[in-house]
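Student: Assemble chain B onto chain A, guided by the hints.
Listed below, chain by chain, are the residues.
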Amino acid sequence: MPKHAVTPTVLVADDSPDDCLIAMRAWEESHLGFDVRFVHDGKELLDYLFRRRKYHGIANLPWPWLILLDLNMPRKDGRKVLVELRSHPDWRHIPTVVFSGSTNPQDIQISETLGAYDFITKPQTFKEYQSIIKELGQMVLTQRGAA
Amino acid sequence: MQNPGATTPIKVLLVEDDEDDAIITQALLDQSSGQRFELEWARSFDAGLTRIKEHNHDIGLLDFNLGAKTGIDFLREAHLDQQQTPIIMLTGQGNESLVIQALESGAIDYIPKRNISAENLQRAIFQGMDKIRLQAELTAYQRQLENTNKVLKQRTDEIQRFYHLLAHELKTPLTAASEFVNILLEGIPGSLNSEQTDYLHLIQGCCGHLDRNINDLYEITRLETGKLSLTQQPADVGPLVTDVLNYLAPKAQAKNITLDTCLAPNLPYVMMDVQRIRQVLLNLVGNALKFTQKAGTIFVVVGEDPLCPGRVRVAIQDTGIGIPQDQLNGIFERLYQVEQDPSATSPGLGLGLFICRELIKLHEGTISLTSTEGQGSTFSFTLRCAG
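Which chain is which? The protein sequence lines are A and B, in order.
For the first sequence, position 57 matches number 57 in our numbering, and the numbering has no gaps at all.
Position in the second sequence (first residue = 1) + 1000 = our numbering.
For reference, chain A alone in the conformation it holds in the complex:
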């Protein structure tokens, strides 16, 4: 596992515990040294970024280097969250990738328009998952000059 000066963090917003498990394993297997954090839905994601409610007052809460966002989540739709992320001055520089089970071309279109870094349909096999995650991870590290 590579040792970074600052641990790269990815924030995954997904309401499915199974998809979170799969994502966690994929990131661990990528051996890129990412710290993976999970939030249940859009509201929790914003709470994390705003450092409020259950994320209030936590020391050393890391800033995400990458956000993976599922579109269809309860309490706050992923699309609305995407708008907020892209318009907030503190967060708009964080690459946000829409990671969704949807294959709907409209969703892809909307996500692009709203400024998502990329739209990725959740893959069918674990091997595909792994390779996508690895690519994403490496992209982020290169961007930050940490690769």
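What the hints contain is simulated information worked out from the structure, not anything from laboratory work.
Keep in mind that the hints are not guaranteed to be accurate.
Unchecked claim - Label pairs and their calculated CB-CB ranges:
#	chain 1	residue 1	chain 2	residue 2	range
1	A	Lys134	B	Pro1268	57 to 65 Å
2	B	Leu1328	A	Thr103	17 to 25 Å
3	A	Ala5	B	Leu1328	27 to 35 Å
4	A	Ala5	B	Pro1309	37 to 45 Å
5	A	Lys80	B	Thr1261	33 to 41 Å
6	A	Thr121	B	Glu1333	31 to 39 Å
Cβ coordinates follow ideal geometry from the N, Cα and C atoms, glycine included.
Tutor: Same frame as chain A, now just chain B:
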């Protein structure tokens, strides 16, 4: 004057050794509101005891001081818990502290003599009789309930014994039949031609099928009677998953389905009954194999639940036909059957997922399902980490 609408007279037994008090009591009862009272006066402790045991009265009025003994002695000797006659204690000055004792000894109520009036005496009498009536009804209902419960339990036991017996009676001849098929296939009574061998293999398949169904029946009866016991121990679920997948590998190969796994390293031990969880895994992965087309993929992921600390999650994702949204809720219920293509082998009793759910529940875990028709399904369950 008797009120034409008055009910039958209430028979009152007064146990009182003071003549003046007795006359007062008679007078209070005579001031009737339309209810007639027939008062019988027992002048001593012993007289009162004799009369009350004859159960001729609707209610008793009992003075506290009865010569050498007290009203509490009277209550005790009258064994009122077995009697139907309610007794109201009339307490004198300074006896109020003994009221609780009186009530505990069986008095239904009490009236301090200095407060006594026609109204509160008669009210106490009505209330006392009512209370006894209600108590009797309650006892009757309780008895009825106990009886019904006993009958129900007997019936349930009978049914369970029946199923158990049935399963046994089904299994035994089946085992015998299966054995004979094996003997034939081994050529012991003589060699077989290829057609005979084929038919015997078909029979073997049917026997296996029957056997599985009977086993499921057994499981259900044991689960429902709570006779299924688990021996949970701290164990590693990773090797168990690998084991099950190795076992099912030939079936996967036959359909050209890829079995993929991702087991987290350093998985904490979980509390599980290994045989039972093996059963669950065989069922879930077996289902995935059944409902995934050729050249599909099944992947099994195991790791600490990222959203729920202290739990390990096992997820089985397939690229199969998926399950329609409106059927998702009923899928873990008994006798759930997905409509299958007719060329598939017979569906079985449909008990598998129900059994899985019950077994996981017994492990204090959760089992869940997400699915998209045409894309695939993910079944997953959680187990508690040990220690």
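Student: Does 27 to 35 Å hold as the CB distance between alanine 5 of chain A and leucine 1328 of chain B, or does it fail?
Tutor: 47 Å, violated
Student: Does 17 to 25 Å hold as the CB distance between leucine 1328 of chain B and threonine 103 of chain A, or does it fail?
Tutor: About 20 Å separates the Cβ atoms of leucine 1328 of chain B and threonine 103 of chain A, which means 17 to 25 Å holds.
Student: Determine whether the Cβ-Cβ distance between alanine 5 of chain A and proline 1309 of chain B falls within the hinted range of 37 to 45 Å.
Tutor: 28 Å, violated
Student: Between the beta carbons of lysine 80 of chain A and threonine 1261 of chain B, is the distance compatible with 33 to 41 Å?
Tutor: About 37 Å separates the Cβ atoms of lysine 80 of chain A and threonine 1261 of chain B, which means 33 to 41 Å holds.
Student: Assuming the hint says 31 to 39 Å, is it satisfied by the Cβ distance from threonine 121 of chain A to glutamate 1333 of chain B or not?
Tutor: Holds, since threonine 121 of chain A and glutamate 1333 of chain B (Cβ atoms, about 32 Å apart) stay within the stated range.
Student: CB of lysine 134 of chain A to CB of proline 1268 of chain B, is that within 57 to 65 Å?
Tutor: At 26 Å between Cβs, range violated.
Checked against the numbered hints listed earlier, the structure breaks hints 1, 3 and 4; every other hint is satisfied.
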